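So the protein sequences, as listed, match chains A, B, C and D.
This note's numbering puts the first sequence at residues 7 to 187.
This note's numbering puts the second sequence at residues 7 to 187.
This note's numbering puts the third sequence at residues 7 to 187.
This note's numbering puts the fourth sequence at residues 7 to 187.
Think of the hints as simulated: they come from the structure by calculation, not from any bench.
Do not rely on the hints blindly, as some may be mistaken.
Note that the list lumps identical chains together, so a pair holds whenever it fits in one copy or between two copies.
Computed cross-link-like contacts, PhoX-like style, restricted to lysine-lysine with a CA-CA straight-line distance of at most 20 Å [claimed, not checked]:
no.	residue 1	residue 2
1	Lys66	Lys9
2	Lys178	Lys26
3	Lys146	Lys159
4	Lys29	Lys178
5	Lys156	Lys146
6	Lys85	Lys182
7	Lys51	Lys182
8	Lys51	Lys9
9	Lys9	Lys179
10	Lys85	Lys178
11	Lys29	Lys159
12	Lys26	Lys179
13	Lys22	Lys51
14	Lys156	Lys22
15	Lys85	Lys9
16	Lys51	Lys183
17	Lys66	Lys40
18	Lys175	Lys162
19	Lys183	Lys156
20	Lys29	Lys167
21	Lys85	Lys179
All of these numbers come straight from a predicted model, not from anything done at the bench.
Number of protein chains: 4
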Amino acid sequence: MRKFQIGVMGSTTDLKYSRKVEKQAELLGELISKKGGILFFGAEKDSDSLSTAACRGAKKNGGLTVGITYEKGKNIVEKQADVIIPCGLIRGGRELVLILACDAVISISGGSGTLTELAIAYQADIPMIALSGFRGWSDKLAGTYFDGRKRRKVLKATTAKQAVELAFKEAKKYRKKYEGD
Amino acid sequence: MRKFQIGVMGSTTDLKYSRKVEKQAELLGELISKKGGILFFGAEKDSDSLSTAACRGAKKNGGLTVGITYEKGKNIVEKQADVIIPCGLIRGGRELVLILACDAVISISGGSGTLTELAIAYQADIPMIALSGFRGWSDKLAGTYFDGRKRRKVLKATTAKQAVELAFKEAKKYRKKYEGD
Amino acid sequence: MRKFQIGVMGSTTDLKYSRKVEKQAELLGELISKKGGILFFGAEKDSDSLSTAACRGAKKNGGLTVGITYEKGKNIVEKQADVIIPCGLIRGGRELVLILACDAVISISGGSGTLTELAIAYQADIPMIALSGFRGWSDKLAGTYFDGRKRRKVLKATTAKQAVELAFKEAKKYRKKYEGD
Amino acid sequence: MRKFQIGVMGSTTDLKYSRKVEKQAELLGELISKKGGILFFGAEKDSDSLSTAACRGAKKNGGLTVGITYEKGKNIVEKQADVIIPCGLIRGGRELVLILACDAVISISGGSGTLTELAIAYQADIPMIALSGFRGWSDKLAGTYFDGRKRRKVLKATTAKQAVELAFKEAKKYRKKYEGD
Numbered sequence: 007m008r009k010f011q012i013g014v015m016g017s018t019t020d021l022k023y024s025r026k027v028e029k030q031a032e033l034l035g036e037l038i039s040k041k042g043g044i045l046f047f048g049a050e051k052d053s054d055s056l057s058t059a060a061c062r063g064a065k066k067n068g069g070l071t072v073g074i075t076y077e078k079g080k081n082i083v084e085k086q087a088d089v090i091i092p093c094g095l096i097r098g099g100r101e102l103v104l105i106l107a108c109d110a111v112i113s114i115s116g117g118s119g120t121l122t123e124l125a126i127a128y129q130a131d132i133p134m135i136a137l138s139g140f141r142g143w144s145d146k147l148a149g150t151y152f153d154g155r156k157r158r159k160v161l162k163a164t165t166a167k168q169a170v171e172l173a174f175k176e177a178k179k180y181r182k183k184y185e186g187d
Numbered sequence: 007m008r009k010f011q012i013g014v015m016g017s018t019t020d021l022k023y024s025r026k027v028e029k030q031a032e033l034l035g036e037l038i039s040k041k042g043g044i045l046f047f048g049a050e051k052d053s054d055s056l057s058t059a060a061c062r063g064a065k066k067n068g069g070l071t072v073g074i075t076y077e078k079g080k081n082i083v084e085k086q087a088d089v090i091i092p093c094g095l096i097r098g099g100r101e102l103v104l105i106l107a108c109d110a111v112i113s114i115s116g117g118s119g120t121l122t123e124l125a126i127a128y129q130a131d132i133p134m135i136a137l138s139g140f141r142g143w144s145d146k147l148a149g150t151y152f153d154g155r156k157r158r159k160v161l162k163a164t165t166a167k168q169a170v171e172l173a174f175k176e177a178k179k180y181r182k183k184y185e186g187d
Numbered sequence: 007m008r009k010f011q012i013g014v015m016g017s018t019t020d021l022k023y024s025r026k027v028e029k030q031a032e033l034l035g036e037l038i039s040k041k042g043g044i045l046f047f048g049a050e051k052d053s054d055s056l057s058t059a060a061c062r063g064a065k066k067n068g069g070l071t072v073g074i075t076y077e078k079g080k081n082i083v084e085k086q087a088d089v090i091i092p093c094g095l096i097r098g099g100r101e102l103v104l105i106l107a108c109d110a111v112i113s114i115s116g117g118s119g120t121l122t123e124l125a126i127a128y129q130a131d132i133p134m135i136a137l138s139g140f141r142g143w144s145d146k147l148a149g150t151y152f153d154g155r156k157r158r159k160v161l162k163a164t165t166a167k168q169a170v171e172l173a174f175k176e177a178k179k180y181r182k183k184y185e186g187d
Numbered sequence: 007m008r009k010f011q012i013g014v015m016g017s018t019t020d021l022k023y024s025r026k027v028e029k030q031a032e033l034l035g036e037l038i039s040k041k042g043g044i045l046f047f048g049a050e051k052d053s054d055s056l057s058t059a060a061c062r063g064a065k066k067n068g069g070l071t072v073g074i075t076y077e078k079g080k081n082i083v084e085k086q087a088d089v090i091i092p093c094g095l096i097r098g099g100r101e102l103v104l105i106l107a108c109d110a111v112i113s114i115s116g117g118s119g120t121l122t123e124l125a126i127a128y129q130a131d132i133p134m135i136a137l138s139g140f141r142g143w144s145d146k147l148a149g150t151y152f153d154g155r156k157r158r159k160v161l162k163a164t165t166a167k168q169a170v171e172l173a174f175k176e177a178k179k180y181r182k183k184y185e186g187d
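Isolated chain A, as found in the complex (with noise of 0.2 Å):
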């Protein structure tokens, strides 16, 4: 059976998040692969970001990574990335295929880009982990729906190894749904 494909998403560093917040970044993505999980990240360019972050704490592990970005052309910025997919859309169409890649989401703070990805997981019936206390759309949508169809609520985590838990959980819950198994 395929492992999990766990996204973590987050700001990218002109949101100017600290230290402290990467660390949380770095230990879902090792929380992750210390448990399976396929990481999944948006890949920048020209800019570090929390969810690239993940990827480097997957990589202590030895966890499989894999980059989406915009446009085309393998140049990012982490190098660690073991699997790297330019998708040929523009920064706010990449969201899409970053998100329909997961089986389940995390996010952390974030600004725009990471609420266009909730968003479009919602849209998507994708279940979303919000880990709260760090701003940003990450704890305005924890515990929320996003609108009042009430598909699927953004789950409160309120420590790393909690919303890495909920992860697998819903994701296993998820591909149950549409691949019955």
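With chain A held as given, fit chains B, C and D onto it using these hints.
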């Protein structure tokens, strides 16, 4: 000089909006075409929406209307659309093409789809005007920035007339900024 | 009933086509608008093309023209386009949106981009007419099927007039097949 | 350094290929994984294909396999894929993401889908190797350029072994050209 391309975004019928909101969406379309704008809307294949209502409004004045729909096939619900563009992307991706086509976007009420559209507009630096007073993401976002980058504020309008005036004013500035005329 | 959306596809200037071919492309646009069609073309940001020449031809008759461009931004070369749609996809992906928008496609001459467009049209079952006599992929493909599925033949036309007549005839059948009117 | 990402493209079952061709496609996958490459294939939701056969071949050696599928949902036919990426684009667009992910592409036989893939590879300057001798577009294109730009030739191979060797050699040059290592 080409006409301004103005989009109207909002809830689909499964979000159970009132006839009163729908009339406001129609009014937005009517006013946009009155001012000589091209109305852009998200064309659905299985339901009505506030965006589609704006198309009907624009046709009252004989304005030009362009519907962006998902996947392939032009079998959309609204039969008054002048131009139909299936974009090859699923829902959650169609929003990208719809937004990029606009010189300014007006939102009214709105669930996760409208939120995705506004977040993408912010990422692409396209002017956004939220007609407030009808709940949904338009009310939540009116007058705010999407993140600490403060790239562009979601402008708040309290009447359809004001929303359309703001949209044309901002569209003019947007075009000057990016097309130099 | 909405007007037929007819695309003209062909080489960009780096393929060094003659003024004679360019005149044929313009004539295609002129005839399409004369018959009341909406002209769809691939709008470039850095060069002219036969597709763009068709836009100029259509404008001689005051026809409606829609340019589909790549990535974001509406700063296209051809200033007579009435509607501009940046599709968020890079070149190689933009072709998809352009083709899906058409009720029928006419090609003239053409390199790899035109080939991608015709192959996608075949995959999406959209009528194709190749105006032969001007080399490129249009000449190679005229009168052939793309593969053993024999889904749809690339129809061969020997004059611009015949190409446009075939395009409208096929567009009518295509619409009846997929939209039932 | 990341492993080379090599794609195998070819006909789907409705083109009725023989068991002999299928074995060659499997062999391609087997050899790619033997040389340490990551196998990229077009994952289908309703049929088998030569591309998918290559995935099975790669798994014989325990190689890493990545399937790019259309629209959303990971319910693909081939259950041995290690990573599944639904790209949100319909068929005719999925080809873009699949090709952009490759450092080199090997084609065998092939109908309109394979043609679209090769044409996009040419547009994106990605190395192409056609394993000849099995009809389809691979035979037609082997040893040729797509147009007068002569950007990159479709290299002709006469055995699976030669095709894979050429693919790795070209992938190395491609990466040096675009990623500088």
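Hint by hint, here is what the structure shows:
1. For the identical chains of this complex, Lys66 and Lys9 are neighbours both inside a copy (18 Å) and across copies (18 Å), given an alpha-carbon limit of 20 Å.
2. In this assembly of identical chains, the alpha carbons of Lys178 and Lys26 never lie at most 20 Å apart, being 30 Å within a copy and 39 Å across copies at closest.
3. Taking the shortest Cα distances, Lys146 and Lys159 sit within 20 Å of each other both inside one copy (13 Å) and across copies (18 Å).
4. Taking CA atoms no more than 20 Å apart as the test, Lys29 paired with Lys178 passes in neither setting, with 26 Å inside one copy and 35 Å between copies.
5. Taking identical chains as interchangeable, the C-alpha atoms of Lys156 and Lys146 lie at most 20 Å apart whether they share a chain (16 Å) or sit on different chains (17 Å).
6. Proximity of Lys85 to Lys182 under the C-alpha cut-off of 20 Å is restricted to the inter-copy arrangement: shortest distance 15 Å between copies versus 34 Å within a copy.
7. In this assembly of identical chains, the alpha carbons of Lys51 and Lys182 lie at most 20 Å apart only when taken from different copies (17 Å versus 35 Å within one copy).
8. Taking the shortest alpha-carbon separations for Lys51 and Lys9, only the inter-copy value of 19 Å comes in at or below 20 Å, while the best intra-copy value is 27 Å.
9. Only within a single protomer do Lys9 and Lys179 lie at most 20 Å apart by alpha-carbon distance; the minimum there is 14 Å, versus 32 Å between protomers.
10. Taking CA atoms no more than 20 Å apart as the test, Lys85 paired with Lys178 passes between copies only; the shortest distance there is 16 Å, against 30 Å inside one copy.
11. For a Cα distance limit of 20 Å, the shortest separation of Lys29 from Lys159 qualifies neither inside one copy, at 26 Å, nor across copies, at 31 Å.
12. For a Cα distance limit of 20 Å, the shortest separation of Lys26 from Lys179 qualifies neither inside one copy, at 32 Å, nor across copies, at 40 Å.
13. In the homo-oligomer, the alpha carbons of Lys22 and Lys51 lie at most 20 Å apart inside one protomer (18 Å), although the nearest pairing across protomers, at 34 Å, exceeds that limit.
14. In the homo-oligomer, the alpha carbons of Lys156 and Lys22 lie at most 20 Å apart only across protomers (13 Å), although the nearest pairing inside one protomer, at 33 Å, exceeds that limit.
15. Within a single copy, Lys85 and Lys9 get their C-alpha atoms only as close as 23 Å, which misses the 20 Å cut-off; across copies the closest is 12 Å, which meets it.
16. In the homo-oligomer, the alpha carbons of Lys51 and Lys183 lie at most 20 Å apart only across protomers (16 Å), although the nearest pairing inside one protomer, at 35 Å, exceeds that limit.
17. For the homomeric pair Lys66 and Lys40, the shortest alpha-carbon distance inside one copy (9 Å) is at most 20 Å, but the shortest distance between copies (26 Å) is not.
18. For the homomeric pair Lys175 and Lys162, the shortest alpha-carbon distance inside one copy (14 Å) is at most 20 Å, but the shortest distance between copies (41 Å) is not.
19. In this homomeric assembly, Lys183 and Lys156 come within 20 Å of each other (Cα to Cα) only inside a single copy, at 17 Å, whereas the closest approach across copies is 38 Å.
20. In this assembly of identical chains, the alpha carbons of Lys29 and Lys167 lie at most 20 Å apart only when taken from the same copy (13 Å versus 46 Å across copies).
21. In this assembly of identical chains, the alpha carbons of Lys85 and Lys179 lie at most 20 Å apart only when taken from different copies (18 Å versus 33 Å within one copy).
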